[in-house]
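Produce the complete structure using the sequences and hints provided.
Read top to bottom, the protein sequences are chains A and B.
If you're matching positions, the first sequence starts at 1 in this note's numbering and goes up one per residue.
If you're matching positions, the second sequence starts at 264 in this note's numbering and goes up one per residue.
Do not take every clue at face value.
Some chain A residues flagged as far from chain B (calculated, every beta-carbon gap over 12 Å) [claimed, not checked]: (1) Leu20; (2) Tyr38; (3) Val92; (4) Pro99; (5) Phe136; (6) Arg155; (7) Leu182; (8) Met245.
Straight-line C-alpha distance at most 30 Å; calculated BS3-like pairs for lysine-lysine [as the list claims (entries may be wrong)]: (9) A:Lys172 <-> B:Lys270; (10) B:Lys593 <-> A:Lys172; (11) B:Lys549 <-> B:Lys593; (12) B:Lys574 <-> B:Lys593; (13) A:Lys172 <-> B:Lys291; (14) B:Lys374 <-> B:Lys385; (15) B:Lys574 <-> B:Lys549; (16) A:Lys172 <-> B:Lys374; (17) B:Lys523 <-> B:Lys574; (18) B:Lys374 <-> B:Lys291; (19) B:Lys549 <-> B:Lys523; (20) B:Lys445 <-> B:Lys270.
For the chain B half of the interface with chain A, some residues (derived, Cβ under 7 Å), not all of them [unchecked claim]: (21) Phe315; (22) Thr332; (23) Ile340; (24) Met342; (25) Ala348; (26) Phe350; (27) Pro351; (28) Asn352; (29) Ala356; (30) Gly362.
It should be emphasised that the hints constitute simulated quantities derived from the structure, not laboratory data.
These numbers were taken from a predicted model, which means no experiment stands behind them.
Glycine included, C-beta positions come from ideal geometry on N, C-alpha and C.
Residues per chain, in single letters:
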Amino acid sequence: MKNSNLGAWLAVILGALYFLMPLVATFEFSLRLKRDEYSFEAYRIVLSDPVFQSAFTYSLVLAIVTIVIGILIVVPTAYWVQLRLPKLRPVVEFITLLPLVIPAIIIVFGYIRMYNTSSFLPLTQTVLGTDILLSFGYVALSLPYMYRAVETGMRSIDVGTLTEAAESLGAKWPTILLSVILPNIRSAILSGAFLTFATVIGEFTFASLLNRPTFGPYLQLIGAKRAYEPAALAIIAFVITWACMGLLQVAGGAARHANGAKK
Amino acid sequence: MSFLEIKDISKNYGANAVVRNVDLNIDKGEFISLLGPSGCGKTTVLRMIAGFETPTQGTINIDNEDITTINTARRNIGMVFQAYALFPNMTVANNIAFGLKIAGRSSAEIKMRVAEMLDLVKLPALGDRYPYQLSGGQQQRIALARALAISPRVLLLDEPLSALDAKIRVSLREEIRSVQRKLGITTVFVTHDQEEALSMSDRVVVMSEGRIEQLGTPLEIYNQPRTRFVASFVGTLTILSAKIIDSAARRLTICDQPVKSKLSPEGKTGQEISVALRPEAIRIGKPGANSNNLNANVIDINFLGSIMRVKVRCGTQDILLDMFNQSKGKPPAIGSAVTVSFEPDDLVILNA
Ligand SMILES: Nc1ncnc2c1ncn2[C@@H]1O[C@H](COP(=O)(O)OP(=O)(O)OP(=O)(O)O)[C@@H](O)[C@H]1O
Ligand SMILES: [Mg+2]
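Structure (structure tokens):
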């Protein structure tokens, strides 16, 4: 008994060290910009850098646009598949998993070929066009996470019966989707949204090859030029990611609460 | 003209005929139960009335309006599901108000109607709760209130009680019936529980394999089952084989002992037919002036609380009969010879 407990603790401690040591080291390093004293100077420099601000804001907007488009595509699709086309579920699932199988670099090369200036839809010709292409690319990239989350959420409620109950009360399907289905999978959508957010904020390949100034390429740029600032940036990115995870936990907890209660 | 007319509807899923040529006329204010074993197509009939399924053949009219292919949302029907199906994200009051909001009623009117409905189902204080804060029985009452709030033309209930435990099932059964009477709403109730169907309904539709086996009042269904299926599905019953002696004189034999029936059996002399007897229609000893008497041997006794179910053997056939469990009377000994008696009225002749 005692022994196995000890072993378990040892494993936990080793694991924690494995994950925490680089983090602590990076953090410690990021504080050493000023000689002989710890300071947040590197953070100050990074955060006050207008390029950082614009890159981060840009990524933020992209993430939000991606989330909105993703929800608009995924929620009705998952609803329809669950309700009317359950046989299609494996097909849809396979399609949503494709972005995990096909490397981003291949997808983006495909995009560039398809939508270049001499193509039928020259999206890359204008900035706006490229931004649209980028956010749709991100929608595809985050599809596995968004679809999974929404699908799981829909499975946890009785979509069929709730829909029929609403129909018998006179509701048409936009109303049903908006006021019955959506509120009941809100936490699932939220987790999908956070995962999408994390994906978009850290994405490099698409942005770099489409030559858009997002956070990813900025991080790479700073990393190539500076010493302490990249460490600070890494910590900032890490905090953002963990904040997302934390929010996800909260949302997940809310979902469990609702489901447990629903019985 | 009946209020709800189901004319020769059938439903096929591919080659699988699930409902076959069902004809049903339901009067305004009537409470009808669809009763039958699992998979006999009760739910499918109900779902066609609701508009969740389209019949492969036949038409459905409500109040002389053909609704066969009309969208559910425009049918104005109320539906209560087995799985409660309250909207988990809305309070009880908002659940009840849902249909009214869609119908575009004023908020003052909605408020009044919600309060009225909560009173109707005797849960006036629960408006602010969420469904997960309610018991199963309470949820089902709210589901009923929600369905009735829109003043539907027809109320449809698909096994609304089967997820509840026995006590609540009985009390809610009575409550549904009293609400239904109060509002005079035409109701179709689906169940596989014969007691539920018999105790609640004006008329019962017994279904088997997608067909109507028998349609009648609970008393008719129980006392005069027309087919073997109905006889065996509704209540406990002994099915015996009898031989026709004289059809016109209504004389037969059961295990070579003469008996009389009330109705003439169809068939030639010497033909074997099926007859049925309810356990409660048979008594031990005490023959009456016109009663049928059979000599038999007691082979088993089952104690069921207020009654004892006795199995007697007559020739090669076993017959079940019920005796009241009185403290005075002693049960017959197993193996003893007895005479069992029943009235000609109680001998049910089965057509199939
Ligand atoms: N969508 C469907 N596709 C194919 N077959 C179906 C479908 N819905 C129902 N069935 C079949 O139709 C038959 C009747 O189903 P129905 O649900 O009406 O039975 P039921 O009498 O309500 O039974 P239960 O008491 O179990 O609810 C069943 O054999 C069922 O398998
Ligand atoms: Mg059913």
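Now the hints, each set against the structure:
1. Leu20: Fine: 40 Å to the nearest Cβ keeps leucine 20 (chain A) off the interface.
2. Tyr38: holds (49 Å)
3. Val92: holds (23 Å)
4. Pro99: Nearest chain B Cβ is 31 Å from proline 99 (chain A), so the label holds.
5. Phe136: Non-interface label on phenylalanine 136 (chain A) holds, nearest chain B Cβ at 31 Å vs cutoff 12 Å.
6. Arg155: holds (14 Å)
7. Leu182: The claim is violated: leucine 182 (chain A) sits with its nearest Cβ about 9 Å from chain B, within 12 Å.
8. Met245: holds (25 Å)
9. A:Lys172 <-> B:Lys270: Within the cut-off at roughly 28 Å; holds.
10. B:Lys593 <-> A:Lys172: With Cα atoms ~67 Å apart, lysine 593 (chain B) and lysine 172 (chain A) exceed 30 Å; violated.
11. B:Lys549 <-> B:Lys593: holds (15 Å)
12. B:Lys574 <-> B:Lys593: holds (16 Å)
13. A:Lys172 <-> B:Lys291: Holds, at about 28 Å.
14. B:Lys374 <-> B:Lys385: The hint holds at about 16 Å.
15. B:Lys574 <-> B:Lys549: holds (18 Å)
16. A:Lys172 <-> B:Lys374: holds (23 Å)
17. B:Lys523 <-> B:Lys574: holds (22 Å)
18. B:Lys374 <-> B:Lys291: holds (28 Å)
19. B:Lys549 <-> B:Lys523: Holds: lysine 549 (chain B) and lysine 523 (chain B) sit about 17 Å apart, inside 30 Å.
20. B:Lys445 <-> B:Lys270: holds (28 Å)
21. Phe315: holds (6 Å)
22. Thr332: Cβ of threonine 332 (chain B) sits 15 Å from chain A, so the hint is violated.
23. Ile340: Given a least distance of 6 Å, the restraint on isoleucine 340 (chain B) holds.
24. Met342: holds (4 Å)
25. Ala348: holds (4 Å)
26. Phe350: It holds, given that the least Cβ distance between phenylalanine 350 (chain B) and chain A is near 6 Å, below 7 Å.
27. Pro351: Nearest chain A Cβ about 5 Å off; hint holds.
28. Asn352: Because about 4 Å separates asparagine 352 (chain B) from the closest Cβ in chain A, which is inside the 7 Å limit, the hint holds.
29. Ala356: violated (14 Å)
30. Gly362: holds (3 Å)
The structure fails to meet hints 7, 10, 22 and 29 from the earlier list, while all remaining hints are met.
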